[in-house]
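Position chains R, H and G relative to chain L; hints supplied.
4 protein chains.
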Amino acid sequence: MKRIEDFKSIIDRYEIIFFDAFGVLKTHSGLLPGIERTFAYLEDQKKEYYIVTNDASRSPAQLADSYHVKGLHAISADRIISSGQLTKEYLELKVEGDYVAYLGTDESAHYIESAGLKTLPVRDVNNSNIDKVNALVFLDDEGFNWFDDLNKAVNILRKRTIPAIVANTDYAYPVSKQDVGIAIGGLAEMIETIVGKKFIRFGKPDSQMFMFAYDLIREYRPITKKEIVMVGDTLETDIVGGNKFGLDTVLVLSGNTLPKDADNRIQTTGIVPTYICDSAVLGPEALNL
Amino acid sequence: MKRIEDFKSIIDRYEIIFFDAFGVLKTHSGLLPGIERTFAYLEDQKKEYYIVTNDASRSPAQLADSYHVKGLHAISADRIISSGQLTKEYLELKVEGDYVAYLGTDESAHYIESAGLKTLPVRDVNNSNIDKVNALVFLDDEGFNWFDDLNKAVNILRKRTIPAIVANTDYAYPVSKQDVGIAIGGLAEMIETIVGKKFIRFGKPDSQMFMFAYDLIREYRPITKKEIVMVGDTLETDIVGGNKFGLDTVLVLSGNTLPKDADNRIQTTGIVPTYICDSAVLGPEALNL
Amino acid sequence: MKRIEDFKSIIDRYEIIFFDAFGVLKTHSGLLPGIERTFAYLEDQKKEYYIVTNDASRSPAQLADSYHVKGLHAISADRIISSGQLTKEYLELKVEGDYVAYLGTDESAHYIESAGLKTLPVRDVNNSNIDKVNALVFLDDEGFNWFDDLNKAVNILRKRTIPAIVANTDYAYPVSKQDVGIAIGGLAEMIETIVGKKFIRFGKPDSQMFMFAYDLIREYRPITKKEIVMVGDTLETDIVGGNKFGLDTVLVLSGNTLPKDADNRIQTTGIVPTYICDSAVLGPEALNL
Amino acid sequence: MKRIEDFKSIIDRYEIIFFDAFGVLKTHSGLLPGIERTFAYLEDQKKEYYIVTNDASRSPAQLADSYHVKGLHAISADRIISSGQLTKEYLELKVEGDYVAYLGTDESAHYIESAGLKTLPVRDVNNSNIDKVNALVFLDDEGFNWFDDLNKAVNILRKRTIPAIVANTDYAYPVSKQDVGIAIGGLAEMIETIVGKKFIRFGKPDSQMFMFAYDLIREYRPITKKEIVMVGDTLETDIVGGNKFGLDTVLVLSGNTLPKDADNRIQTTGIVPTYICDSAVLGPEALNL
Numbered sequence: 000m001k002r003i004e005d006f007k008s009i010i011d012r013y014e015i016i017f018f019d020a021f022g023v024l025k026t027h028s029g030l031l032p033g034i035e036r037t038f039a040y041l042e043d044q045k046k047e048y049y050i051v052t053n054d055a056s057r058s059p060a061q062l063a064d065s066y067h068v069k070g071l072h073a074i075s076a077d078r079i080i081s082s083g084q085l086t087k088e089y090l091e092l093k094v095e096g097d098y099v100a101y102l103g104t105d106e107s108a109h110y111i112e113s114a115g116l117k118t119l120p121v122r123d124v125n126n127s128n129i130d131k132v133n134a135l136v137f138l139d140d141e142g143f144n145w146f147d148d149l150n151k152a153v154n155i156l157r158k159r160t161i162p163a164i165v166a167n168t169d170y171a172y173p174v175s176k177q178d179v180g181i182a183i184g185g186l187a188e189m190i191e192t193i194v195g196k197k198f199i200r201f202g203k204p205d206s207q208m209f210m211f212a213y214d215l216i217r218e219y220r221p222i223t224k225k226e227i228v229m230v231g232d233t234l235e236t237d238i239v240g241g242n243k244f245g246l247d248t249v250l251v252l253s254g255n256t257l258p259k260d261a262d263n264r265i266q267t268t269g270i271v272p273t274y275i276c277d278s279a280v281l282g283p284e285a286l287n288l
Numbered sequence: 000m001k002r003i004e005d006f007k008s009i010i011d012r013y014e015i016i017f018f019d020a021f022g023v024l025k026t027h028s029g030l031l032p033g034i035e036r037t038f039a040y041l042e043d044q045k046k047e048y049y050i051v052t053n054d055a056s057r058s059p060a061q062l063a064d065s066y067h068v069k070g071l072h073a074i075s076a077d078r079i080i081s082s083g084q085l086t087k088e089y090l091e092l093k094v095e096g097d098y099v100a101y102l103g104t105d106e107s108a109h110y111i112e113s114a115g116l117k118t119l120p121v122r123d124v125n126n127s128n129i130d131k132v133n134a135l136v137f138l139d140d141e142g143f144n145w146f147d148d149l150n151k152a153v154n155i156l157r158k159r160t161i162p163a164i165v166a167n168t169d170y171a172y173p174v175s176k177q178d179v180g181i182a183i184g185g186l187a188e189m190i191e192t193i194v195g196k197k198f199i200r201f202g203k204p205d206s207q208m209f210m211f212a213y214d215l216i217r218e219y220r221p222i223t224k225k226e227i228v229m230v231g232d233t234l235e236t237d238i239v240g241g242n243k244f245g246l247d248t249v250l251v252l253s254g255n256t257l258p259k260d261a262d263n264r265i266q267t268t269g270i271v272p273t274y275i276c277d278s279a280v281l282g283p284e285a286l287n288l
Numbered sequence: 000m001k002r003i004e005d006f007k008s009i010i011d012r013y014e015i016i017f018f019d020a021f022g023v024l025k026t027h028s029g030l031l032p033g034i035e036r037t038f039a040y041l042e043d044q045k046k047e048y049y050i051v052t053n054d055a056s057r058s059p060a061q062l063a064d065s066y067h068v069k070g071l072h073a074i075s076a077d078r079i080i081s082s083g084q085l086t087k088e089y090l091e092l093k094v095e096g097d098y099v100a101y102l103g104t105d106e107s108a109h110y111i112e113s114a115g116l117k118t119l120p121v122r123d124v125n126n127s128n129i130d131k132v133n134a135l136v137f138l139d140d141e142g143f144n145w146f147d148d149l150n151k152a153v154n155i156l157r158k159r160t161i162p163a164i165v166a167n168t169d170y171a172y173p174v175s176k177q178d179v180g181i182a183i184g185g186l187a188e189m190i191e192t193i194v195g196k197k198f199i200r201f202g203k204p205d206s207q208m209f210m211f212a213y214d215l216i217r218e219y220r221p222i223t224k225k226e227i228v229m230v231g232d233t234l235e236t237d238i239v240g241g242n243k244f245g246l247d248t249v250l251v252l253s254g255n256t257l258p259k260d261a262d263n264r265i266q267t268t269g270i271v272p273t274y275i276c277d278s279a280v281l282g283p284e285a286l287n288l
Numbered sequence: 000m001k002r003i004e005d006f007k008s009i010i011d012r013y014e015i016i017f018f019d020a021f022g023v024l025k026t027h028s029g030l031l032p033g034i035e036r037t038f039a040y041l042e043d044q045k046k047e048y049y050i051v052t053n054d055a056s057r058s059p060a061q062l063a064d065s066y067h068v069k070g071l072h073a074i075s076a077d078r079i080i081s082s083g084q085l086t087k088e089y090l091e092l093k094v095e096g097d098y099v100a101y102l103g104t105d106e107s108a109h110y111i112e113s114a115g116l117k118t119l120p121v122r123d124v125n126n127s128n129i130d131k132v133n134a135l136v137f138l139d140d141e142g143f144n145w146f147d148d149l150n151k152a153v154n155i156l157r158k159r160t161i162p163a164i165v166a167n168t169d170y171a172y173p174v175s176k177q178d179v180g181i182a183i184g185g186l187a188e189m190i191e192t193i194v195g196k197k198f199i200r201f202g203k204p205d206s207q208m209f210m211f212a213y214d215l216i217r218e219y220r221p222i223t224k225k226e227i228v229m230v231g232d233t234l235e236t237d238i239v240g241g242n243k244f245g246l247d248t249v250l251v252l253s254g255n256t257l258p259k260d261a262d263n264r265i266q267t268t269g270i271v272p273t274y275i276c277d278s279a280v281l282g283p284e285a286l287n288l
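Residue numbers (numbering that gives the first Met the number 0), protein chains in the order written: chain L, 0 to 288; chain R, 0 to 288; chain H, 0 to 288; chain G, 0 to 288.
Derived from the structure by calculation, the hints contain no laboratory data.
Note that this is a predicted model, so its numbers are computed, not measured.
Idealized CB from N, CA, C, for every residue including glycine.
Check each hint, because a few of them may be wrong.
What the hints assert, rightly or not - Dumping the calculated BS3-like pairs for lysine-lysine here, alpha-carbon to alpha-carbon at most 30 angstroms:
{"hint": "1", "chain 1": "G", "residue 1": "158", "chain 2": "G", "residue 2": "131"}
{"hint": "2", "chain 1": "L", "residue 1": "151", "chain 2": "R", "residue 2": "197"}
{"hint": "3", "chain 1": "H", "residue 1": "197", "chain 2": "R", "residue 2": "224"}
As the list claims (entries may be wrong) - Covered stretches of chain R, as calculated for chain L (at least 3 residues, CB under 8 angstroms):
{"hint": "4", "stretch": "43-51"}
{"hint": "5", "stretch": "96-106"}
{"hint": "6", "stretch": "121-130"}
Just chain L, same shape as in the assembly (with noise of 0.2 angstroms):
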């Protein structure tokens, strides 16, 4: 583990950049002041990235606007892997025929539906459609009525032996400077123990969220995993992830883990990244090249 002070230098040391979203280029204020910096410095210099992020609640071409609306234009969607095109993935490998019950909003029924299934939300689940539901996604934590719905669950899947699929495996997120708030994950698992059975789940640390960037990848060009490094925030899920598949790893201290913390929480978690930097912005001078 070693102290960089300047995040230039880890991007002149690899090819290819996978960033975390929130916590790395942004938090509930807005972007991170002059990350656009380092998006600028990475075209310079012909560098690759990829923002792989445990978001199932928007497509990447929304998540990608909600960048470009605050200013950031570099991420294009393309730029984007979320854990719902992993369950996107699976629905079209190993699901088939009518209806894909889902929790979540209207725009994260579009993991669904770009897999050629028909979505049907869990409040519209009834006896007369209930044989026709082959699989159940727990996609966001809006868009339905938890008490409602989140009852309406356990009973589909007491009844229906189905695939459970989590497109996202956080507990929580946050939503403004103080608070946070329950995640779809966190409703899965409490689900998931209700009836007992074993749901598939999508997202960091798992490796396949980053294998399904590392395959997108090696379509158009050759790459080993020693030219890719993973910078995020979160020990957890960033790096532990990025280390067991083989990755670097950068811990910026610009989000979860605090600065006061960081060697703590390494220690006591056994979790240890390649590198720790204080965050992934470049200073101005980066760019006078």
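Just chains R, H and G, lined up with the frame of chain L:
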């Protein structure tokens, strides 16, 4: 483990009978037909009985009423030991001053009020009173908006270092012949995982529940554990809890454990009741004394 | 939560003091210097005290001897409540006939013998006697060959549907200033996971441990929970267990919880002692009465 | 889910077959009688096959030899994908310099040596070399003294902030018709709980295992997930892992999952194979082509 044809012989063998409620005395469709004979025989034989239940949704008086309206008058409030009463005792002994926040119905707040503390529904916690909240109690799954108040409970517990008490350890409960509902114990476990703090839980199988009942009895008569038997339909709560406390136990097959599954479930879990009996209902001939 | 300078004021405030042993009265290097003054003051003030310990490796008499040889004579066998005694009570009430198999030292088998049952070390279980084994008890991490006998214990429990009792819930214990040892509670949990059965565990933080001590006292004098305080060095066992049983609690900083970590640990775990005190040792002036 | 009478039709439907080893190709009493016909047919049909196994006790060459001595010559070392190879890849990519400590047999240390690192059995770790230990690998349950070396492994991981890698996720494995043995995955999980650090685990059901095999194939031929089928006897490893990776799956009933339990286990776990087939053995007529 012994199979018993007639529950009467169980009553004859012990001085005091503890009954679980749901699946033993009643189901979703009402009282078990004939269960009044069991209580008539208990009265006739001058045997004592208690209902030991993980139900903190209502006061013992209201729980007793729910039997009376169905025609079972033997069960008075002082015969009911609910996990809510352990919560009340905890609050009396361990929590002082100001407010106790809660999730549950107004009726369930009885257990806080009767401990002499001021109740505050989670929905009414705000910046001006959060510092006066000295405990948060999970009482019942109804009486609040899940989305708003579960998220709020998470954030209260992130901001305040106060005890969180779960007045019902169950994860789910039957709501109809086909369906279950998520119980407050399941919701509380999700929040415990998210906030990473240790909650205090009351209810079977925890032996403090049995101890509470045992202590109540010893206040007015001497008794030994050998003279008490616990009757329940669930291996993982009634039977393992009773066993651990040192009581003899009867598994009845009128609820959660189906007759065809009983032997397999016992072998798989390693939880062995002293007796197995079809149900706690006595035949009409039992009263021809 | 209140910081207390002098442990004397704790003694003055309660009728009965429960002490954890390791980290409170002694460490790997012997008794805490001066701890004999605490017991001298207790005797002088006619306050009662009990050692409440997750240690089933030896009988209470042998445990008491271990204090006597170090020069602390106040602690007699009848002052020691060990998780082994709950095991003994369980065996007396719930296990009949023939053999109880065990993992542990010969000394630890005391708790089986004193329940009037025949002991059989796991190493001596074979095809000719396995059907006579009516319980398996995990007593101590020493006294057997781990490879042979842990594997054998797994297979006994796969073949026989009998209760498995864990006489010490701890996962590890200190063996020197630097090192810990794996405790029988850790070994038992591994085997429980492998065989998939539900084990019965005795020891703090489980409240049955405190109940056992409370009951012992009430046999010879009336007492309320408000008159008892639990003193321990570990939030996750001593403090949370004492709190849940309804006792006031004192966290001392002479063992597991370091002074620099105490506040942070309390906030992180949400386990709040009634008092924090540097140690249970009284200053020499305490005895100038 | 479809029941298939003849495993031949599975082979006809896919280009590449992944086989679990134990319970599919062999049992404690040796090879499944007739399994050589399956491989003869695979060769005849020019279908490819891999053995995908959670076995890091020996090198692929030694594992292949174990089939050859039983008379099955089709399985060469390059047909075997073991969780040890993922461990080797991790060590190559992520661990530098000096020593890797390990628990396991000398044979299992092959996976460390072949990564170009120096091996150090846990028994030989001491104060003079502990600071040069850069990783600890759990390879196999044999080859060391459990009491001495499991305790030592705990203390190494408390003193050094280094990755701990588990080369086999299994908790137990069959050692005879009646008995199982505790596997290194079970021992490692106990130690992970005790030290409270996050270990890195390789082996089914983790999808990185399937990805490794998939990548190996793609180095010499194009293939899609739709052309591969995973054959296994265990729902919780082979089937759920294959499903999650996006492969079709076949549950065979020649090992862990008994014919009488299959439907119930599928319903209870919610893990649904694409096909169920009695075994992977072809009838003699399959070769009359």
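Hint-by-hint comparison with the structure:
{"no.": "1", "hint": "158/G x 131/G", "result": "holds, 12 angstroms"}
{"no.": "2", "hint": "151/L x 197/R", "result": "holds, 29 angstroms"}
{"no.": "3", "hint": "197/H x 224/R", "result": "holds, 22 angstroms"}
{"no.": "4", "hint": "43-51", "result": "violated (count 0)"}
{"no.": "5", "hint": "96-106", "result": "violated (count 0)"}
{"no.": "6", "hint": "121-130", "result": "violated (count 0)"}
Figure legend: structure checked against the earlier numbered hints; hints not met, in rising order: 4, 5, 6.
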